[in-house]
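S.K.: Here's the letter readout for the chains.
Protein chains: 2
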Amino acid sequence: MDIAQFVESSFGCWRSQRSVHHLAFGHFEQVISTIEIAPLGDSDEAVISLCKSNNIDPQRASHPFRMSWEGESDWDESESVQGTTILVPIPDPDDPKAGQLLRDQGYAETIPAIGKYHLTEDGTFILLTEYERAMAEEKIWFLNPNFRLRVSLIKTSAGSGVVTASFSSEIRSLSESKS
Amino acid sequence: MDIAQFVESSFGCWRSQRSVHHLAFGHFEQVISTIEIAPLGDSDEAVISLCKSNNIDPQRASHPFRMSWEGESDWDESESVQGTTILVPIPDPDDPKAGQLLRDQGYAETIPAIGKYHLTEDGTFILLTEYERAMAEEKIWFLNPNFRLRVSLIKTSAGSGVVTASFSSEIRSLSESKS
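Here the protein sequences line up with chains A and B, keeping their order.
All the letters of the first sequence, read from the start, carry residue numbers 1 to 179 under this note's numbering.
All the letters of the second sequence, read from the start, carry residue numbers 180 to 358 under this note's numbering.
Just so you know, these hints were derived from the structure itself, not from any lab.
Warning: the hint list may mix true and false statements.
Some chain B residues near chain A, calculated using beta-carbon distances under 8 Å [as the list claims (entries may be wrong)]: (1) H200; (2) L202; (3) I211; (4) S212; (5) L322; (6) V330; (7) A337; (8) A344; (9) S348; (10) S352.
The following residues of chain A were derived to be distant from chain B, with all beta-carbon distances above 10 Å [stated by the list, open to error]: (11) H63; (12) I86; (13) I171.
No experiment lies behind these values; they were computed from the predicted model shown.
Here a beta-carbon is modelled for each residue, glycine too, at the ideal position from N, C-alpha and C.
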């Protein structure tokens with residue numbers, strides 16, 4: 001599986017059940033959300049602007065997409081958790097299974113971020129992102145075309161300690177799917 | 180990493196934080212438990228008996244161990260969840276990274292079970308077990324020597340549908356560790 005296949009498999013609307021383990025306190029957080037992943041054109045203005053702000057030639061972008069989510073956490077039921085972000089894969093010219101992932105809003109900190117991704121031999125997508133005060137590591141893999149799992153870790157910036165570990169089960173909403 | 184290294188890395192006492200996603204209902208279950216993993220001798224009577232009941236030469240056993248757990252689920256807080264099981268790896272003579280795993284008590288059904296394991300190039304232990312009415316798939320990997328993650332899936336016996344997906348963060352309890 002290369003990045004094009006991985007991104008195309010992800011297009012559509014997903015119902016996500018997510019558990020966050022706050023490790024220092026042994027605390028559990030539960031989030032139910034809807035995630036929508038939709039393709040963007042290579043010539044989309046937001047894509048070109050994100051490439052330029054990272055000093056990357058927009059022609060290197062491959063399969064950019066928008067991810068939007070809306071959900072509810074049991075930590076604060078009165079407020080819904082929602083957001084949207086643009087993600088732009090920049091494949092490594094020498095390795096079709098690896099590259100950079102630009103995004104206009106990060107996961108651990110809400111600032112633009114550049115992650116490094118690679119796909120393992122069994123089709124798992126692995127993304128490492130360094131922030132100023134933290135490191136994020138994500139693994140995403142498909143069990144079947146309509147079901148995928150995601151494990152996300154937030155580590156201290158030195159990378160030694162894991163602060164939170166979270167797990168998402170994502171089921172494709174066939175009725176709302178665009179693919 | 181081979182099975183010997185994986186099992187040796189697992190010896191000790193672990194504090195586990197586990198989330199179970201019951202997918203059909205979008206229900207979350209939370210379990211806090213203590214897991215102890217201790218080596219057994221190759222000549223341990225229970226190991227020999229488990230091999231014989233599976234018609235396997237006990238001399239093929241490598242690094243057998245006992246796993247015991249005790250915890251509390253938020254599904255039934257009045258009752259503690261506890262158990263113990265003996266696990267016996269039987270490495271494949273032709274492939275040091277794969278083999279069978281015998282256990283005297285299964286995960287999806289409480290009957291003896293034989294699973295098939297393999298270790299991926301990045302050191303993830305993957306175990307597949309077929310039961311009469313279900314299939315279980317487990318992935319376990321270490322983030323560092325004192326922290327490991329486990330993803331367990333219970334599928335329908337045909338293997339197409341995922342019934343539950345669970346995620347455990349396991350932190351070594353240094354004070355009680357035997358290694």
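S.K.: Are the hints correct? Go through all of them and say.
M.R.: Hints and how they fare:
Here the hint on B/H200 is kept, as its CB sits about 5 Å from the closest CB of chain A, short of 8 Å. The interface hint given for B/L202 is met, as the beta carbon of that residue sits about 6 Å from the closest beta carbon of chain A, less than 8 Å. At its closest, the beta carbon of B/I211 sits 6 Å from a beta carbon of chain A; the interface hint therefore holds under the 8 Å criterion. Restraint check, B/S212 versus chain A: the minimum CB separation of about 11 Å is more than 8 Å; hint violated.
With a cut of 8 Å, the hint placing B/L322 at the interface with chain A holds, because the nearest CB-to-CB distance is about 6 Å. Because the beta carbon of B/V330 sits about 7 Å from the nearest beta carbon in chain A, less than 8 Å, this interface hint is met. Because the beta carbon of B/A337 sits about 12 Å from the nearest beta carbon in chain A, more than 8 Å, this interface hint is broken. Look at B/A344: its Cβ gets to within about 5 Å of chain A, closer than 8 Å, so that hint holds up.
Residue-level restraint check for B/S348 holds (minimum Cβ-Cβ distance to chain A is 5 Å; threshold 8 Å). For B/S352, the interface hint is violated, the least distance from its beta-carbon to any beta-carbon of chain A being 12 Å, above 8 Å. Residue-level check passed: A/H63 sits 24 Å from the nearest beta carbon of chain B, beyond 10 Å. At roughly 28 Å, the least C-beta separation between A/I86 and chain B is larger than 10 Å, which holds for a residue marked as non-interface.
Once the 10 Å rule is applied to beta carbons, A/I171 is inconsistent with being away from chain B; the minimum gap is 7 Å.
Checked against the numbered hints above, the structure violates hints 4, 7, 10 and 13; every other hint is satisfied.
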